[in-house]
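Let's have the full structure, built from the sequences with the hints guiding it.
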Amino acid sequence: MFGKKRKLQGLDAITRKLMAIVGENEVLYKKEDLISYECDGYTMYKGMPRAVVFVKDTQQVSQVVQCLNKEEIPYIARGAGTGLSGGATPLGGEVLISLVKMKRMLHLDLENRKAVVEPGYINLKLTQSISDKGYYYAPDPSSQYACTIGGNVAENSGGAHCLKYGVTTNHILGLEIVLPSGEIVEIGEEGVPDQPGYDLLGLLTGSEGTLGIVTKVTVKVLKNPEAKKTALAYFDDIDDASQAVSDIIAAGIIPAALEMMDEIAIEGVESAAYPVGHPRDIASFLLIEVDGIAVGIDDQIEEILTVCKQNNVREVKVAKDEAERSLWWANRKMGFGAMGAISPDYLVQDGVIPRTRLPEVLAKITQISRKYDLRIANIFHAGDGNLHPLILFDASVPGESERASRAGSECLKEKRGRD
Amino acid sequence: MIYSDTESILPEEQVKVNNEREHLLGNSGVQIMEAYSEADISKVLTFAYEHEKTVNVISGGTKRGFGGESESADILLSLANYKGIVEHSVGDLTMTVRPGTTLKEITDELAKKGQFVALDTAWPEMATIGGIISANDSGPKRLLYGSARDLVIGLRVVYADGRVIRTGGKVVKNVAGYDMNKLFIGAMGTLGVISEITIKLRPLPKYEGLSLIHFPKGSEKKIHDFSVSLLDSVMEPVTLELLTPTLAEKLTGKNSYILGIAFEDREKAVLEQVKWISENLPESVGHTVMYQEEAKKWWEDFWQIGPNGYNDEVDEDNTWAALKIGSNNMDVLDNLEAAEKLAETHHLTLQGHGGLGHGISRIYIKGRPDDIVSFIKKLRAKTEEKNGFVVCTHLPFKLRETVNVWGVKPAHFALLEGVKLANDSKRILNRKRFVGGI
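Going line by line, the protein sequences match chains A and B. Residue numbers for the first sequence follow full-length UniProt numbering, so the first one is 1 and each next one is one higher. Residue numbers for the second sequence follow full-length UniProt numbering, so the first one is 1 and each next one is one higher.
Treat each hint with caution, since some may be false.
Said to hold, decoys possible - Below 20 Å or equal to it, Euclidean Cα-Cα: the simulated EDC-like pairs (lysine to aspartate or glutamate) are: (1) A/Lys-229 to A/Glu-302; (2) A/Lys-216 to A/Glu-190; (3) B/Lys-386 to A/Asp-350; (4) A/Lys-223 to B/Glu-272; (5) A/Lys-223 to B/Asp-225; (6) A/Lys-228 to B/Glu-236; (7) A/Lys-223 to B/Asp-150; (8) A/Lys-133 to B/Asp-232; (9) A/Lys-103 to A/Asp-57; (10) A/Lys-164 to B/Glu-279; (11) B/Lys-222 to A/Glu-111; (12) B/Lys-113 to B/Glu-87; (13) A/Lys-229 to B/Glu-236; (14) B/Lys-53 to B/Glu-20; (15) B/Lys-170 to A/Asp-350.
As the list claims (entries may be wrong) - Selected chain A positions facing chain B (in silico; Cβ < 7 Å): (16) His-107; (17) Gly-174; (18) Pro-193; (19) Asp-194; (20) Gly-202; (21) Ser-207; (22) Glu-226; (23) Glu-263; (24) Ile-264; (25) Ile-293; (26) Asp-299; (27) Asn-386.
These are computed hints drawn from the structure, not numbers from a lab. Virtual Cβ for every residue (Gly too), placed ideally from N, Cα, C.
This is the structure:
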């Protein structure tokens with residue numbers, strides 16, 4: 001007892017105040033404990049947090065926020081830390097408020113197609129917990145096995161299937177948030193749509209926690225489609241693949257997913273944990289999934305194959321079973337991480353262009369790659385025109401990080417000119 | 001009175017004295033200013049802001065009876081002549097359009113390229129896209145296609161002080177910054193005047209079908225159970241809209257509750273789903289099926305119900321009101337039933353419909369003003385028991401003062417007011433048109 005008191009006496013006043021709210025074991029303050037919180041999935045920039053506080057309920061979030069607000073100490077909310085845009089990186093000595101312990105599902109109402117979860121609830125777990133009844137949660141970012149719904153709200157996360165089903169903002173019915181004042185506000189109570197007032201749900205979703213900390217989320221859940229078909233189309237020319245993307249949409253088909261990878265990306269995924277056996281000499285492939293009423297699915301996939309053939313596809317394969325389909329998706333979803341197999345470091349960018357401009361923007365990215373002498377892999381949601389150029393570099397080579405950063409900025413600038 | 005300094009704002013032919021200032025529906029203006037361009041909108045607002053003149057905004061006028069506690073503003077800014085599609089990018093499934101374009105004009109133009117905008121709101125030949133977005137109007141098909149907030153990807157907006165901003169973009173996903181588009185959708189023009197809209201499109205369905213299921217009196221449980229089983233199936237209905245017997249009678253000649261279930265897909269898939277309906281029908285119900293042109297025609301008739309800003313009767317005893325109810329999906333049935341009972345005790349005629357898969361219902365009532373006021377209060381109390389709400393989307397101006405159009409202020413009202421003041425600190429735009437007198 002005496003020893004413990006002495007230990008706490010060495011701590012600064014803020015840490016002690018935070019401990020008083022959440023408990024001594026729920027605050028990290030030692031340097032060795034803080035190191036793993038110096039960045040999230042975006043590793044280019046790092047900073048040491050002042051402390052990490054693990055909260056267990058909304059009241060604690062409110063109290064912690066009030067305490068920090070009073071002391072004028074900045075804070076950042078953090079979920080699983082899988083974000084790729086640095087949203088949870090403490091560059092200014094912030095206190096991190098970790099929401100991973102608020103991870104319960106509070107309510108499930110399938111008749112009204114909604115679920116209420118705490119922010120630390122893991123994305124994939126939601127689908128897993130309702131799949132036996134034939135339901136799922138649509139937004140499926142590649143990190144869905146680990147990322148939290150609260151983090152998804154903060155980042156307005158998308159995923160491979162948002163082409164047909166929309167991004168997080170299209171699936172949020174209600175939020176409980178803690179404002180910087182500590183006030184607890186409920187918006188979209190009970191998940192009833194169109195409630196009178198400005199659409200604060202829409203404003204908050206994607207605001208990276210800068211307007212408040214989400215402590216409860218009401219989401220829509222959807223019924224699984226009756227049937228799904230997944231195809232892989234291999235192209236010798238990346239322009240042909242890009243054209244096929246536009247032509248599929250123009251043919252009046254909205255696939256559930258329409259993903260693309262280029263040669264360097266394929267080299268990466270084939271060297272990583274889930275190789276599919278993609279031919280190594282192709283320029284790119286499209287991963288196409290359609291879903292819906294079973295009797296209409298074969299016609300849809302036929303039409304897509306026709307479009308691919310018109311665009312000089314080398315080979316098309318349709319997944320023969322769920323196991324093959326899952327492998328293809330694992331290969332795609334682990335795509336970013338797979339870059340680790342062919343490069344010590346990578347920087348990922350996220351930008352959206354009109355999908356009809358894919359060929360010209362991809363050509364420009366190739367030029368940027370040459371200009372900075374860095375390999376750039378492209379893995380992206382082609383159907384949405386949502387590009388993810390991955391700039392491969394080696395941080396241990398002097399100057400290469402800076403070059404990667406400049407190349408990344410130039411890629412984004414190129415995109416901004418197009419939207 | 002014409003402000004002497006207005007000539008410098010817009011050309012003479014675009015400025016008129018309003019001879020209809022005491023409009024039954026209010027939301028009028030002393031002086032009508034017609035904008036032909038975004039620059040015109042900006043000029044009018046710059047002038048108004050500088051001189052602290054209030055501005056009401058109008059296009060098609062179908063929502064004139066929706067909100068607004070002051071009868072007339074200094075200026076009635078009309079966007080009816082600021083119309084046309086600016087860009088239709090077929091391969092991107094996006095369109096950029098001016099606010100005064102009617103939904104019908106958009107539909108006709110896009111159909112030439114096999115696409116459509118998935119908003120199925122009433123009076124499409126009169127209602128403009130700017131008004132539909134500003135009022136966040138929607139129809140039964142939002143069940144599958146979503147509402148304005150799911151479709152709008154970019155806006156140009158003229159702020160109260162005349163500054164023009166751009167939110168979102170022409171790409172189908174927005175990945176940077178606050179999603180400002182959402183704020184202007186359903187804001188009733190209180191945060192800015194929308195001067196351009198970029199919206200996601202869909203390919204026209206290859207085939208469409210409509211199942212109408214007629215339920216005899218006392219079938220509430222059947223309606224509920226059937227709807228639940230359909231929603232729990234793998235079918236993909238575009239609508240699951242319940243029509244009150246009076247509305248059903250108007251549209252089909254049969255006085256009974258009707259479930260209108262639409263399917264839009266490939267022909268095979270539509271037929272398969274209609275087959276599912278036939279095979280899963282509850283006992284002793286009627287089932288009518290329509291396809292293609294016949295189904296389209298039925299929906300066209302459906303969109304011609306309720307008040308449209310021009311079809312009110314002069315006779316006060318035939319006052320017309322329209323209500324939007326939001327609730328949990330499955331409470332729609334209870335709400336429609338409650339409304340029917342209340343209409344009977346209040347001597348009102350009522351037509352109504354609501355989506356069992358999306359939770360939005362629409363009620364149209366006609367009768368004496370005091371009965372209407374009492375009806376709204378009672379229905380509101382009833383829906384609020386289950387966290388629902390009632391908003392009056394059409395009501396004569398005089399009644400809007402006695403009935404709170406938007407219901408009680410939400411607990412987070414201060415946040416809403418903060419947003420308003422950040423955008424329009426002098427409160428010149430559509431003053432008192434929105435929640436809590438914003």
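Does the interface hint hold: is A/Ser-207 within less than 7 Å of chain B, judged Cβ to Cβ? holds (6 Å)
Starting from A/Lys-223, check that the Cα of B/Asp-225 is at most 20 Å away, please. Distance of about 17 Å is within 20 Å: holds.
Can the restraint linking A/Lys-216 and A/Glu-190 be considered satisfied, given a maximum Cα separation of 20 Å? holds (11 Å)
Sort out whether A/Asp-57 lies within 20 Å of A/Lys-103, counting only the CA atoms. holds (10 Å)
Can you confirm whether the C-alpha distance between A/Lys-228 and B/Glu-236 stays at or below 20 Å? holds (14 Å)
Using Cβ atoms only, decide whether A/Ile-293 comes closer than 7 Å to chain B, and label the hint accordingly. holds (4 Å)
Can you confirm whether the C-alpha distance between A/Lys-133 and B/Asp-232 stays at or below 20 Å? holds (9 Å)
At a threshold of 7 Å, is the proposed contact between A/Gly-202 and chain B supported by beta-carbon distances? holds (3 Å)
Quickly compare the C-alpha distance for B/Lys-222 and A/Glu-111 to 20 Å and report which way the hint goes. holds (15 Å)
If you take the shortest Cβ to Cβ gap from A/Asn-386 to chain B, is it below 7 Å? Status holds, d = 5 Å.
Holds or violated: are the alpha carbons of B/Lys-53 and B/Glu-20 at most 20 Å from each other? With Cα atoms ~19 Å apart, B/Lys-53 and B/Glu-20 stay inside 20 Å; holds.
Take a quick look at whether B/Lys-386 and A/Asp-350 sit within 20 Å of each other, Cα to Cα. violated (42 Å)
Consistency with the previously given hints fails for numbers 3, 10, 16, 17, 23, 24, ordered from lowest to highest.
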